[in-house]
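For the record, the sequence lines run as chains Z and G.
Under this note's numbering, the residue at position 152 of the first sequence is numbered 152, and the numbers go up by one with no gaps.
Position in the second sequence (first residue = 1) + 1000 = this note's numbering.
Just to be clear, a hint being listed does not mean it is correct.
Said to hold, decoys possible - On the chain Z side, residues computed to face chain G include the following (Cβ under 7 Å):
(1) Gly141
(2) Met189
(3) Glu203
(4) Asn274
Claimed, not checked - Where chain Z lies over chain G, by a calculated footprint (3+ residues, C-beta under 8 Å):
(5) 1105 to 1118
(6) 1190 to 1200
As the list claims (entries may be wrong) - No farther apart than 25 Å at their CA atoms in a straight line, the calculated lysine-lysine pairs in the DSS-like style are these:
(7) Lys86/Z - Lys43/Z
(8) Lys138/Z - Lys43/Z
(9) Lys1124/G - Lys281/Z
(10) Lys124/Z - Lys1281/G
Bear in mind the hints are in silico, worked out from the structure with no lab data behind them.
Ideal placement from N, C-alpha and C gives every residue a C-beta, glycine not left out.
Number of protein chains: 2
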Amino acid sequence: MAYRVCVIGLGLMGASLAGALRGFREAGIVGVDTLGAVRAKAKLSGIVDEVFADAGEGIRDADLVIFCVYAHNIPDMIAANVSAFKPGAVVSDICGVKSGLYARLAGLLPDGVDYVGVHPMAGKERDGFDNADPAIYKNSGFIICPLPSSGSESIELMRELAGHIGAARVAVSTPDRHDAIIAYTSDLMHIASAALCVEYHPEMTSAFTAGAFRDSTRVADINAGAWTELLMDNRAHTMARLDSYIDVLRRMRGALADCDTARLYELLERAGENKREILRK
Amino acid sequence: MAYRVCVIGLGLMGASLAGALRGFREAGIVGVDTLGAVRAKAKLSGIVDEVFADAGEGIRDADLVIFCVYAHNIPDMIAANVSAFKPGAVVSDICGVKSGLYARLAGLLPDGVDYVGVHPMAGKERDGFDNADPAIYKNSGFIICPLPSSGSESIELMRELAGHIGAARVAVSTPDRHDAIIAYTSDLMHIASAALCVEYHPEMTSAFTAGAFRDSTRVADINAGAWTELLMDNRAHTMARLDSYIDVLRRMRGALADCDTARLYELLERAGENKREILRK
């Protein structure tokens, strides 16, 4: 019987993933979404072979089930469909925060079903099925976050999937280390960018802007709902990074207040050195 | 006699400007730089018709003199060459902060010489003649900052120049308003980006990064010398914007600490609304 992948949630990430999975193990691709309009468009566009409103119907017979919904919905969806999972199935999610979700999954999965979450480092400013594009995963980062119970075959399956969708840089990490690093590379970046637009100079026009403004505020037009959840789910790590960021800004502010050019120069010079070092990692 | 433009300082901005000015009023382009190697390369590359080590030799016979050096050097260079300026010449600079410079220019210019500074909103992460590229001004913003004494013909000359080098959005502003707006659109953006790299998560690798990291830290590899001067020159306005930014970040931090999802959502939602409004300006 042919390999079967079920993608649950056909928003930006899920629909893009379904499209990018075309050809993966020559699998049949099954989509699940609660919105009828999304299901109709998904079927019409051909990114899925079948669509269901009910998660259980998609999960049934799937060799690989990937949850692409808000993290807080996943435990209930698994609990409600425990009997639907095929023995030997691998279950995954693409959520951006892992520790809290994994704690809530404990004891929930039926025997014979393996779980290994992933975090594809891709996205877009605009959300939803209509903005889906399988190419968002091309040349992206991709983190595999196994549970202690995750089988090595499942981890290898995720590596294979990462390669198929075009991810260029793959890491394997514990959930807590993942969440701590992401608090810097993603959560802090989104907070810093959004905060730049909460207060702005009312007399500015585009004549006063250049690349620094464009790039530093690119993600400021943020999906407030999704990011409130992501940031709250990772709040301890995010607060620590934010405290560190505010402290650096206060040091820069202090150097300006004291006309301390040497201190300001040193901070800017360190930023440049670190950035060049980061690019080599 | 043919029109003659003198560009003083052939670093990234000056050399790019000299190249972009080719064909402007069919002018002869004269470059000035203290470094012999830069002069040799400038002549060889053909971006200038003549080069001089001495500013006075370049200024002599020039109809338009544009200072592309650090702001703190400009008053002395003008004072040392007062007798060299051609009657009727227009003098300009491309410095990113205007009020302090203009205050120091008062009474310095000889009679019959008009001054009108500009601020092309262009640049690059990497500095110096070797990174020069006339195309950096294409589709850029461009601000003309007249003195109260600036003649309207000189202002129109700068509009013509902006159009010639490819600037797409031109504004005219008083020096103080310019400096206040730039403190937000440029100074704060560079500080926010640099600060993101002063402290970073040591275990991060490129697998953990996506577009938000790339764009938010793009200008973090900053020219520390140039930016220390720019920020210090605009320190009152920059400190005000930085205080406002730190305050927003603290409100976000407070919402996280209090698990106040409504407050965090509201801040993120406002960021998005403002960003969309800014893009229409």
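Hint check results:
The beta carbon of Gly141/Z is positioned within 7 Å of a beta carbon in chain G (closest approach about 4 Å), and the interface hint is therefore held. Checking Met189/Z against chain G: minimum C-beta separation of about 4 Å stays under 7 Å; hint holds. Given hint, Glu203/Z at the interface with chain G, holds; its Cβ is 6 Å from that chain's nearest Cβ, closer than 7 Å. Hint on Asn274/Z holds. Least Cβ distance to chain G is approximately 4 Å, under the 7 Å limit.
Proximity of the stretch 1105 to 1118 of chain G to chain Z, defined as three or more residues with a beta carbon under 8 Å from a beta carbon of that chain, is not established by the 0 residues found. Given as covered by chain Z, the stretch 1190 to 1200 of chain G passes the check, having 11 residues with a CB less than 8 Å from a CB of that chain where 3 are the minimum. For the suggested pair Lys86/Z and Lys43/Z, the alpha carbons sit about 24 Å apart, so the restraint of at most 25 Å is met. Taken as a hint, the Lys138/Z and Lys43/Z pair is honoured in the structure, with Cα atoms around 23 Å apart against an allowance of 25 Å.
Between Lys1124/G and Lys281/Z the CA atoms are separated by roughly 23 Å; this keeps the pair inside 25 Å, and the hint holds. Taken as a hint, the Lys124/Z and Lys1281/G pair is honoured in the structure, with Cα atoms around 23 Å apart against an allowance of 25 Å.
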